[in-house]
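A.B. asks: Single-letter residue listing:
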Amino acid sequence: MAAFISVIGKVITAEDLVLPKAADAITLINKLPFYSLVEIRRIANGTEIIIFDTEVEVGQRTVHDIRSKERIAVGFIPEDNVFPEVLALREDFPKVPHVNLRPAEKPRSGKKNILK
Amino acid sequence: MHKVTYFPLGNADTCRIDLDNGKKILFDYANVRDNNDQYDLRIDLEKALKDDLVSVKKDNFDVVAFTHAHDDHIRGFSSFFHLDHADKYQGEGRIKITELWVPAAVVMEEGPEDEARILRAEARHRLREGKGVRVFSRPDRMRAWLESHDIKLEDRKQLITDAGQLVPGFSRALDGVEFFVHSPFAEHVDDRLEDKNESSLILHATFDVAGDETKLFIVGDTTHEILTDIVKITKAHKREDRLAWDIYDVPHHCSYLALNSEKGKDKTEPVPEVEWLLSQGSSKGIIVASSKPIPYDDSDGQPPHRQAANCYKDVRTSISGFFKVTMEHPEKSKPKPLEITIDKWGATLKLVTSAGGAAAIAVQAPRAGR
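Residue numbers (the numbering used here), protein chains in the order written: chain A, 1 to 116; chain B, 1001 to 1370.
Treat the hints as calculated values from the structure; they're not laboratory data. Note that the structure is a prediction, hence the values are computed from the model and not measured. Possibly wrong hints are sitting among the right ones.
Said to hold, decoys possible - Computed Cβ-Cβ distance ranges for the label pairs, DEER-style: (1) B:Lys1058 - A:Ser6: 51 to 57 Å; (2) B:Arg1172 - A:Ser36: 38 to 44 Å; (3) B:Lys1058 - A:Glu39: 48 to 54 Å; (4) B:Tyr1296 - A:Glu39: 19 to 25 Å; (5) B:Thr1098 - A:Ser6: 56 to 62 Å; (6) B:Glu1269 - A:Val18: 45 to 51 Å; (7) B:Asp1314 - A:Lys21: 35 to 41 Å; (8) A:Lys21 - B:Glu1213: 44 to 50 Å; (9) A:Asp92 - B:Asp1212: 36 to 42 Å; (10) B:Lys1058 - A:Gly46: 58 to 64 Å; (11) B:Lys1313 - A:Glu39: 19 to 25 Å; (12) A:Gly46 - B:Glu1331: 30 to 36 Å; (13) A:Gly46 - B:Glu1213: 51 to 57 Å.
To be verified - If you want a taste of the chain A side facing chain B, the calculated C-beta under 10 Å gives, among others: (14) Ala2; (15) Ile5; (16) Pro33; (17) Glu57; (18) Val58; (19) Arg61; (20) Lys69; (21) Lys106.
Just so it is clear, CB atoms sit at the ideal spot from N, CA and C, and this is done for glycine as well.
Start from the sequences and build out the full structure, keeping to the hints where you can.
C.D. replies: Encoded structure:
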């Protein structure tokens, strides 16, 4: 069983979301196959974070240890002036070449350090 | 790149293998959809297969293998294929079969009806003609029938393949695949050979892409007793590699009887040999059940059984792989063919689907890791 990095914030429901893009993302996750919602959180500055599992189209033999199912967090900030931050939550998610530079090494990827 | 495609047909089976060299191999043909029912979610198999053949300018399958002659594996085949044995099964638009593969029971069975009778006639015709057919059997088992038709066994031996052999006509070097025969097989009982699993063809395919192997266990319909025999025999011959799998074809529409005689309350516990077989799955292996959606309860005694599905889901979890049901992929309301590509990366389950209403947009599932 994979270990996941915990996400800060208070757990909320889809009905509690106030950021339109976060609400749209929930609609999409519920509509598409290969995605399943885990939970939604909101942190003090109003950032809303959607956490979901996704099945990944990946071969059996890979250069990097990407699994057939990965847990992802997407953070939406109230200002809506940057792309949503996307983070891989698996504790041992590999350091792949295309991760974004961010202050903390884990979770992997992202543009702003909205998750601790 | 090779490709394996399973078609959403409810509790019925059809699987197509497209080899990188252009050869096409079809396992079973069950065109079960009711085209007069607009709510029937099963695929129009005739159209799907013909559209694919047209796209590559072919009018034949290089091999059509019928694992056995039950309705859910052969329905409608006599309307689709060009059959050599009678004019009425010939004509424009019919798809030719270069080589027909059948287990001995299809040829030997007495009193089959409907499509099974037509399949027997075609197999017998090709066997009499001495071409375009491969029968899976212990050769001696065919002797009496052949002699009753004034044919010497020695003149047809090249068309008969026994368990434990590789199927002639395919090689790793030329085709990138070889097929190993597990069943039908015979077992020593006291001092005589007893033919087991009279009805079903069970094969193990090893794909070879520049030395990287990917293994597909083609089980069809069978029981845990037969699987147990196969595991014991194969181990006795020290051929465990012929039971390793990257893709596992779940037997009999996810019936518990392919795991154990006892269904179990919430999960079927496989008998020891089947448990061992399931443990031979490699990392990120793909388990495919050709069946209706897995039910939430036991109100319908027919497969699929949720208890069996729970067993396969546990295997899926243990190998970080996939367990997919043809009528649930990619979603229950819109099942589509389930495609698996085979290349140097092993087996990859394709997760392409479409979302939205009238203005459907192709959506590529997340892709990563190479």
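A.B. asks: Compare the structure with each hint and give your call.
C.D. replies: Hints, verified against the model:
1. For the pair lysine 1058 of chain B and serine 6 of chain A, the supplied restraint of 51 to 57 Å holds, since their beta-carbon distance comes to about 55 Å.
2. At roughly 39 Å, the beta-carbon separation of arginine 1172 of chain B and serine 36 of chain A lies within the given 38 to 44 Å, and the hint holds.
3. Judged by the Cβ atoms, the range 48 to 54 Å given for lysine 1058 of chain B and glutamate 39 of chain A holds: they are separated by roughly 50 Å.
4. At about 24 Å, the beta-carbon gap between tyrosine 1296 of chain B and glutamate 39 of chain A stays in the expected band of 19 to 25 Å.
5. The given range of 56 to 62 Å is respected by threonine 1098 of chain B and serine 6 of chain A, whose C-beta atoms sit roughly 59 Å from each other.
6. Restraint check, glutamate 1269 of chain B to valine 18 of chain A: a C-beta distance of roughly 49 Å satisfies the suggested window 45 to 51 Å.
7. As the Cβ distance of aspartate 1314 of chain B to lysine 21 of chain A is approximately 38 Å, the hint placing it in 35 to 41 Å holds.
8. Separation of lysine 21 of chain A from glutamate 1213 of chain B is about 45 Å and conforms to the stated range, judged on CB atoms against 44 to 50 Å.
9. Between aspartate 92 of chain A and aspartate 1212 of chain B the beta carbons are some 25 Å apart, a value that contradicts the proposed interval 36 to 42 Å.
10. Lysine 1058 of chain B and glycine 46 of chain A have their C-beta atoms about 59 Å apart, which keeps the hinted 58 to 64 Å range intact.
11. Between lysine 1313 of chain B and glutamate 39 of chain A, the C-beta spacing of about 22 Å keeps the proposed range 19 to 25 Å intact.
12. At roughly 34 Å, the beta carbons of glycine 46 of chain A and glutamate 1331 of chain B sit within the given window of 30 to 36 Å.
13. Distance hint for glycine 46 of chain A and glutamate 1213 of chain B: a CB-CB separation of about 53 Å, consistent with the stated range 51 to 57 Å.
14. Hint status for alanine 2 of chain A: holds, given a least beta-carbon distance of 9 Å to chain B, under 10 Å.
15. This hint is violated: isoleucine 5 of chain A has a C-beta 18 Å from the nearest C-beta of chain B, more than the 10 Å allowed.
16. Residue-level restraint check for proline 33 of chain A holds (minimum Cβ-Cβ distance to chain B is 4 Å; threshold 10 Å).
17. Against a cut-off of 10 Å between C-beta atoms, the interface hint on glutamate 57 of chain A holds, since the closest Cβ of chain B lies about 4 Å away.
18. The restraint placing valine 58 of chain A at the interface with chain B holds, with a minimum CB-CB distance near 4 Å, inside the 10 Å limit.
19. Taking 10 Å as the C-beta contact cut-off toward chain B, the hint placing arginine 61 of chain A at the interface holds, the least distance being around 5 Å.
20. Because the beta carbon of lysine 69 of chain A sits about 7 Å from the nearest beta carbon in chain B, less than 10 Å, this interface hint is met.
21. Restraint check, lysine 106 of chain A versus chain B: the minimum CB separation of about 17 Å is more than 10 Å; hint violated.
Of the numbered hints given earlier, the model fails hints 9, 15 and 21; all others are met.
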